[in-house]
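Visitor: One-letter residues, chain by chain:
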Amino acid sequence: MQPILSLRDVSYSYHNLKGETPALSHINLQVSEGSFVAVVGPSGCGKSTLLSLIAGLLPPEDGEILYRGLSSKDYCPDSALKIGYMLQRDHLFEWRTVYQNLILGLELTHSLTKENTDYILKLLHDYGLYSFKDKKPSELSGGMRQRAALIRTMAIRPDLLLLDEPFSALDFQTRLFVSADIANIIRETGKTALLITHDLSEAITLADRVIVLSKRPASVKREMSILYEISREDPLAIRSTAAYQEYFNQLWEVLTDGKTTV
Amino acid sequence: MGKQRSNAQQPVSARQQNFLRDHHRHHHRITFGRFLLLFFFLAFWEAASRLAWIDSFFFSSPSGIIRYLGQMLTDGSFFTHTGITLFETIASFVLVTGLSLFSATLLWYKNSLSEVLEPYLVVLNALPKSALAPLLIVWLGTGSNTIIVAGISVAVFGSIISLYTGFCQVDPEMCKLIYTLGGNRKDALVKVILPSSVPLILSSMKVNIGLSLVGVIIGEFLAARRGLGYLIIYGSQVFQLNMVITSIIILCAIAMVFYKLIQSAEHYYRKKA
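So the protein lines, in turn, are chains F and R. Mapped onto the numbering used here, the consecutive letters of the first sequence carry residue numbers 1 to 262. Mapped onto the numbering used here, the consecutive letters of the second sequence carry residue numbers 1001 to 1273.
A couple of the hints might just be wrong.
As the list claims (entries may be wrong) - One side of the interface only, derived from the structure: several residues of chain F facing chain R at Cβ under 10 Å:
| hint | residue |
| --- | --- |
| 1 | A55 |
| 2 | L81 |
| 3 | K82 |
| 4 | Y85 |
| 5 | M86 |
| 6 | R89 |
| 7 | H91 |
| 8 | R96 |
| 9 | L108 |
| 10 | L112 |
| 11 | E115 |
| 12 | A155 |
| 13 | L162 |
Everything labelled a hint here was simulated from the structure, so no lab data went into it. For each residue, glycine too, the CB sits at the ideal point set by N, CA and C.
Extracted from the complex, chain F is given alone in its bound form (with noise of 0.2 Å):
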């Protein structure tokens, strides 16, 4: 089956005049439909970087970008794939009411119908956020906002979810149960998600393959499939299975280059 989607060669370098900075160089990588698929690497890697790209926020300087195999040229916001991205903070505004936040992306592409808008309630109820929902953002809980953020996300029905770093605002235990929370409901629905994170442990517990990214200027150093014999419903579980501990060593391993001290 074809590539949800697929970067050939994908280039970028940012420029100052102080110079020229490369973020990202050469990356290959290809996510399938429907797949769960989290980037990691060193911090400062150029993964927003990436992320800003495949969004089209940002044209790659080399390279292209092919979305169910259209060209990124060709692309356009209307046509086949729709993307969403969650960003590393909710940024739900304060002047809106958590409902008129969550209608955001609907007003702006001017598809704000009835159909459109039942799909949000459902959501609200789903992620039991309905009660909340003529609240103003700053009475929510930080786990609330997270599931806010996704519904204000999937409300523009996304066929590929970028995440990046969306749990980086939460303290530890939060981030435990928020993230596999939020992950599960992307499963559910069956949207292909790509994640990125620095957490290794996050990145295995979550997703069916990871991608290690080099340090900057970033390419892909190595690519992991992570398979569960239970369900990935309960963060703990996964954390404490012995598949678990061996991801986690082989992927300690690629990033260090085999030096167990920093």
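The hints should help you fit chain R onto chain F, whose structure is shown.
Guide: Frame of chain F, contents of chain R only:
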């Protein structure tokens, strides 16, 4: 707001009652203190002029001011002069607010434009506006037009700069969110920049109303036959100090009313948000 409403439904504890009582008591004390200060100031002033510690010809006195105010009210000059100053101030305030919002939006929208215009704005803002007044008189004559333009010239450049700076400081990630949801720069302006800048716009309005009044009075000093600024200059020339000080006190009252109006607008916004 919802939180407060739900609190109100719970029975109020004794400690909460204490807190509320102390709070109100504190509030009343402050108000009382303010009036007391005013009362003592006026009483001291009146006494000083009656006991001839100060010469009431130069320093006037509260009773003199009240007498003069009564005279102004009966011959109607209060309404002409105060009315014209109010009209000119409001006109220049409205124009300043509109112009600066429009210009700051344009500068934010077109980056290259702001880069080109920045040094000019800084120079125009730093220029003492009273230096422009003689020029304005030659160009526009001695009437309300000149005075309104003088009022605008004092406030507008600083207002543009502060609004534009505020627009640029809005978290770029918020704009990025708009782009990821399929919006463009215009959407970012309407959905993010302007709504998130409402507190900034209100505080710049507070500054503008004061500066507009300053500009209008400067204008009236130089080029008017009516208005409180004219009365102040005229009164000082003919040694009618009652006239001067009464006009200054009317100006104080105007400034206070404007301040209260914008404060209640701010209050309304906070309640809504």
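Visitor: Any CB of chain R closer than 10 Å to the CB of Y85 of chain F?
Guide: Because about 4 Å separates Y85 of chain F from the closest Cβ in chain R, which is inside the 10 Å limit, the hint holds.
Visitor: For the restraint on A155 of chain F, tell me whether the closest CB of chain R is nearer than 10 Å.
Guide: 9 Å, holds
Visitor: Given K82 of chain F as an interface hint, is the shortest Cβ-Cβ distance to chain R below 10 Å?
Guide: 9 Å, holds
Visitor: Per the CB criterion, is L162 of chain F less than 10 Å away from chain R?
Guide: Holds. Min distance 8 Å.
Visitor: Against chain R, is A55 of chain F within 10 Å by beta-carbon distance?
Guide: 6 Å, holds
Visitor: Taking the closest Cβ pair, is E115 of chain F under 10 Å from chain R?
Guide: 18 Å, violated
Visitor: Double-check L108 of chain F for me: the hint is only fine if its C-beta lies closer than 10 Å to a C-beta in chain R.
Guide: Hint on L108 of chain F: holds, closest Cβ of chain R at ~4 Å, below 10 Å.
Visitor: Would the stated hint for L112 of chain F survive a check requiring a Cβ distance to chain R of less than 10 Å?
Guide: 13 Å, violated
Visitor: Does the nearest C-beta of chain R fall within a distance shorter than 10 Å of the C-beta of L81 of chain F?
Guide: With Cβ-Cβ at 13 Å, over 10 Å, it is violated.
Visitor: Tell me if M86 of chain F is really an interface residue toward chain R, meaning its C-beta lies closer than 10 Å to one of theirs.
Guide: 9 Å, holds
Visitor: Given a cut of 10 Å on the nearest C-beta pair, is the interface hint for R89 of chain F held or broken against chain R?
Guide: 7 Å, holds
Visitor: Given H91 of chain F as an interface hint, is the shortest Cβ-Cβ distance to chain R below 10 Å?
Guide: It holds, given that the least Cβ distance between H91 of chain F and chain R is near 5 Å, below 10 Å.
Of the numbered hints given earlier, the model fails hints 2, 10, 11; all others are met.
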